[in-house]
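Asker: Listed below, chain by chain, are the residues.
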Amino acid sequence: MRALLLVACLALHTIQAHGAPAGGVRAGPEAVSATAEAIYRDAKPRLLQIRTLLNSASQKSSTGSGFLVSADGLAITNYHVVSQHALEPQTYRMEYVSADGSRGTLRLLAFDTVNDLALVRLDRGGWRPFEFDARALADQLPRGERLFSLGNPLDIGFAVMEGNYSGLVERSYNERIHLSGPMNPGMSGGPTLTTGSKIAGINVAKIGWGAEQVSFLVPAKFAAALLQRPHLPEGFTGREVRAEIGRQVNAWQAGLYKSLQDKGFKPTTAGPFRLPESNAGYFTCWANTNADDKPAPRARADTTQCNMQNWLFIAGDLYAGNVAIQRTHFTNQSLNSFQFANFVSGKTAMGTDRANPKRMTPAACHEDVAWAGAADAASGDDRLRVRVAWCASAYRDFEGLYNVSFMAVAPERDGQAASITVFMNGTDYANAAALAKRLLAEFRTGT
Amino acid sequence: MSAAQNPSIDPWWLEIRGPDAAVHTRLRLGGASLSVGRGYGNDLVIDDAYVSPAHARLTRDDDSQWWIEDLGSDNGTLDARTGAPVTRAALFDRASFTLGRTVLEVRHGASPVAPTLKLPASTAGATLPAAAATRQLQTLGAQAAALMLLAVLLSAVSIWMKQTGEPKLTNYVYGAVLLPLMVMGWAGAWALVTRILTHRAHFARHLRIASLSLLFLIFSEALFKTIDYAFAWVSASSAENVVNWVAAAVMITAHVRVIVPQRLGLIAGVAGVLALAALGLDMSMKSDRLKYQPPTIITSLLPPVFPTKPPVSGDALFERIGALKAELDEERRKDPPAGFNALGDSD
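Protein sequences, first through last, are from chains A and B.
According to this note's numbering, the first sequence holds residues 1 to 447 in order.
According to this note's numbering, the second sequence holds residues 1001 to 1347 in order.
Each hint should be verified, as a subset may be incorrect.
In silico lysine-lysine, PhoX-like type, Cα no more than 25 Å apart, as pairs [said to hold, decoys possible]:
1. LYS358(A) / LYS1168(B)
2. LYS258(A) / LYS221(A)
3. LYS294(A) / LYS1334(B)
4. LYS294(A) / LYS1168(B)
5. LYS347(A) / LYS294(A)
6. LYS347(A) / LYS437(A)
7. LYS347(A) / LYS1162(B)
8. LYS1309(B) / LYS258(A)
9. LYS1309(B) / LYS347(A)
10. LYS1325(B) / LYS358(A)
11. LYS437(A) / LYS1162(B)
12. LYS1162(B) / LYS1309(B)
13. LYS437(A) / LYS263(A)
14. LYS44(A) / LYS221(A)
I should point out that these hints are in silico values taken from the structure, not numbers from a laboratory.
Since the model is a prediction, treat every value here as computed from it, not as a measurement.
Let's have the full structure, built from the sequences with the hints guiding it.
Answerer: If you want it as structure tokens, here you go:
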């Protein structure tokens, strides 16, 4: 499933860092307008490069950007920029480099995993902070407004990039601003400013491939809210951070699953079957078929894959908070019953994520034969007998979070079969079971 | 002197048995006396290192009664039934004596023999033992070939059932050519070992065992697939694995029995232990590897005419699914497998 993750985070990890030329290089000066130049000059002293260092080696492990929000040294960045330090404070520490080259240490005060934000305190005060744009806090920026993203791309020096406000991302459960403009690795956590040099949002991600100049910002209001959160204790442990992440993700997914249930499902036709599709607006559906395969297939499999574009970054190898629902309509063309059953079997193996034993327990699975359709309509010949499978594994480091896959396959009827699969990442067990149960109840025959 | 010269006299026979109790020589007693020993001056020379050069003498008295007397041998002449030393004793039907490690048994002309065995009707015409053996071998060979043919046919059916794309000739060639070659190669290897150890190859017997084993594999695959489908049994493939290893033990036992017909229990035991060890190794390797791979289930769908267990209601299903949570939470408390570190727990 992760192959479909289009959104690339912008933290720059050592492995991606290219040899930086000595001295800062200003990126793309020819494209930068006079306003941008003024904004850049004004913003530069308040920008930070945030580095995560391996304690033992004192070498950069990853870099991102940040910006000051108070005179006494409070700064905002992305959670994913500081996640290594947050999860393993004994192994990683953080430092900042400001535009004048001064360095210092950082302390993590609070974070918001769901909105990918972190609040840090610098070891010294006396800064001129950024202010939040009042219209941005009220979600009232006009579409098309020019915005300026700042940060330290690719660890080669601070830069400004110009773009346009394109509203909130429509198909996203979490609020994200769509910025039509470029963004590069290393700019994560940097500010995107209005022409008045006020904060409109925080750089977080861009579409990794297949699109140009589609970038995402965390709305400024979440950064403002983060300032109000209680702070982590001094000398916090990785265990405390993990517990906090668990609480945040859990509270967030409770809202997501409630929304999924409340929005409900509409039936889609698959031959004699009716398969549910979520009414929630934050799914993007893609259809694909094997009909064009060469040599021509002897049975058709038409799949519609509905994904949430949203993933919550937890660690470099751990993402959560996604739901993907896939439904397939199988049509027999020239196979016999045995061959068609084998054809369907071959497409129903529940391959979920790549194995990640460090983060996840082995899966516990249950396979059964069950009645699909609503329980109250459970009578008559039209009841649908389906084969179901459930596999779940627990997050080792985060209590109460699981990855779950659930699948129901209806056997051949009039030369056709159907299946529905749901993959739920970073979910509460009961919420996942309730959603799976709902999908099973909405899987019907077409009457 | 030969008894043929005195046809009027009741014939007496002397059977000379070796340490293996098999009759090596039968001698019709004739004349008035017969000397027995290892020396070449005797009437009956016995190649037994425990027999004295001049060991015993058999004599016939005027009443035509035969006697045996020890000639002062080193190890003596013993009554084979009681073990008592004999200096001189009268011979009677079924009397037997031990000289060294050789047994002399006496048979009278009227001594009863076991009833004649009936030849099977089909082989009634075959009087020559060699012909019977050839015929038996042919039957065995035909059986083995038929079983192999059946296995090849069934595997072709199995390949056909799984054919969901365009038919590929190579798949069937594999079944029709490679499979018999593999089976014959396996049987041939066993036959070679058998030939080395027993001077006979018994290829047909080995081929029959190998073909039967292949048939069993095909059968067990279909059986477990049907069971998996009917009962939604996630562990069906593990059970199939266990059964196949047991079948492997049975097959090895059968092959070894061709070489060593005795000590069935011992061979079966050794084969069983080997198969168990292989199974254990197989499972432990698999469990480490497979535990963390994405689960592949619902792999054995069959046409809807095949019966399944009665479906459960959604409520009952999710009650069972809910019970898995405790299992996962328990697993969470355990350490991840070696080679994978959790987040630093030093704090």
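Asker: Enumerate the violated hints, using their earlier numbering and listing them in ascending order.
Answerer: Violated: hints 1, 3, 8, 11.
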